[in-house]
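Q: Sequence:
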Amino acid sequence: MSSLSDMPRRALAAALALCAFGTATHAADNWPSRPIRVVVPYAPGNAGDVTFRIVQQELEARLGANFYIDNKSGASGNIGAEDVVRSAPDGYTLLLGATNNFVTNQYLAKLRYDPAKDLVPVTVINNAPAVIVVNASLPANNLAELTAYAKKNPGKLNYGTPGSGTAPHLIGALYAQSAGIELVHVPYRGSPPAVQALLAGDVQIFFASAGISTVAGHIASGKLKPLAVAAPQRLPALPQVQTTAEQGLPDLVAGNWWGLAAPVGPDPAIVRKLADAVKAAVAKPEIAQQFEKLGLTAVGNTPAEFGAQIQREAAVWKGIIQKADIKAE
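Mapping of the sequence shown onto mature numbering (1 follows the signal peptide of the UniProt record, and there is no 0): residues -27 to -1, 1 to 302, in sequence order.
Where hints are given, some of them may not hold.
Claimed, not checked - In silico DSS-like pairs for lysine-lysine, Cα to Cα no more than 27 angstroms straight-line: (1) Lys45 / Lys196; (2) Lys124 / Lys83; (3) Lys291 / Lys124; (4) Lys257 / Lys83; (5) Lys266 / Lys90; (6) Lys266 / Lys196; (7) Lys125 / Lys196; (8) Lys198 / Lys129; (9) Lys124 / Lys198; (10) Lys90 / Lys196; (11) Lys125 / Lys296; (12) Lys296 / Lys124; (13) Lys300 / Lys129; (14) Lys300 / Lys83; (15) Lys266 / Lys124; (16) Lys296 / Lys90; (17) Lys83 / Lys129; (18) Lys129 / Lys257; (19) Lys124 / Lys196; (20) Lys296 / Lys45; (21) Lys257 / Lys90; (22) Lys266 / Lys83; (23) Lys125 / Lys45; (24) Lys266 / Lys198; (25) Lys291 / Lys83; (26) Lys90 / Lys198; (27) Lys246 / Lys257; (28) Lys45 / Lys198; (29) Lys90 / Lys45.
Hint data in this document are derived by calculation from the structure and do not stem from the laboratory.
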């Protein structure tokens, strides 16, 4: 009788690979069999919470398991991301992170994890194209007029942000570099105080990159003016506002997206299964419409597309951050 040791090495390797494939397939077929923890690395009530709650019920119906949000804030989202990286790669702990967690934080501070090596991209749920908003008293009614005003008044235009190293800070730097202008960055502790400073005239510009909920009411009242959308297409929520490309700055395309990722090492079949469920969920008209009302666009790309997006954007933002010498708080 032959033994395993008598088998040719290639045959043994093939047999082991077949067993591993069968086990992985079985694991994916049975996933999920218990609740799934979604770590959002920011305080409750943030845009990530809102994003996930819009798709949560549909995902639970499609996958047959409950999801629950676990808010772990701190260090620009790095504490929550590190928690996910240290978790078991079994598909039951996920990171719902923003652009900075996957792309920009690594160039702003020293991280204890490598987003490219320690996280597996699943899919982007939605994107929030930046909307450039100004105080109504500013003598600029479009992006060209704002740029011209900034060139005539170098260093006299302030833009408020939720803090140093945040998406609005980086988008402001991108605008300044693209337009060849000088803007003064004024960081606040969150978007609400930055918007209040904009209303008071303490700052003149705000780059809304988490949807338009914080500025929509003030736009409707006429206290704030939206001058441009930094996206390839106009937003359904602001159809009258031209894109940056329509106004002569095609390189000024930026925003803040929310994507799901898993700690490195999960069964690829589980990753695909989750990505497919998200894609189907965000394709539902009622979900896409909820996003649109908030100034968000549904995405639902594949894991490979998400990974390529991360690499592409990382290369761009690295240069912008280094040129502007931006540091996180």
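Q: Each of the hints needs a verdict: does it hold here or not?
A: Status of the hints after comparison with the structure:
no.: 1; hint: Lys45 / Lys196; verdict: violated, 35 angstroms
no.: 2; hint: Lys124 / Lys83; verdict: violated, 35 angstroms
no.: 3; hint: Lys291 / Lys124; verdict: holds, 26 angstroms
no.: 4; hint: Lys257 / Lys83; verdict: violated, 40 angstroms
no.: 5; hint: Lys266 / Lys90; verdict: violated, 35 angstroms
no.: 6; hint: Lys266 / Lys196; verdict: holds, 20 angstroms
no.: 7; hint: Lys125 / Lys196; verdict: holds, 24 angstroms
no.: 8; hint: Lys198 / Lys129; verdict: holds, 19 angstroms
no.: 9; hint: Lys124 / Lys198; verdict: holds, 20 angstroms
no.: 10; hint: Lys90 / Lys196; verdict: violated, 45 angstroms
no.: 11; hint: Lys125 / Lys296; verdict: holds, 23 angstroms
no.: 12; hint: Lys296 / Lys124; verdict: holds, 19 angstroms
no.: 13; hint: Lys300 / Lys129; verdict: holds, 22 angstroms
no.: 14; hint: Lys300 / Lys83; verdict: holds, 11 angstroms
no.: 15; hint: Lys266 / Lys124; verdict: violated, 34 angstroms
no.: 16; hint: Lys296 / Lys90; verdict: holds, 25 angstroms
no.: 17; hint: Lys83 / Lys129; verdict: violated, 33 angstroms
no.: 18; hint: Lys129 / Lys257; verdict: violated, 46 angstroms
no.: 19; hint: Lys124 / Lys196; verdict: holds, 24 angstroms
no.: 20; hint: Lys296 / Lys45; verdict: violated, 31 angstroms
no.: 21; hint: Lys257 / Lys90; verdict: violated, 33 angstroms
no.: 22; hint: Lys266 / Lys83; verdict: violated, 37 angstroms
no.: 23; hint: Lys125 / Lys45; verdict: violated, 44 angstroms
no.: 24; hint: Lys266 / Lys198; verdict: holds, 18 angstroms
no.: 25; hint: Lys291 / Lys83; verdict: holds, 14 angstroms
no.: 26; hint: Lys90 / Lys198; verdict: violated, 42 angstroms
no.: 27; hint: Lys246 / Lys257; verdict: holds, 17 angstroms
no.: 28; hint: Lys45 / Lys198; verdict: violated, 35 angstroms
no.: 29; hint: Lys90 / Lys45; verdict: holds, 21 angstroms
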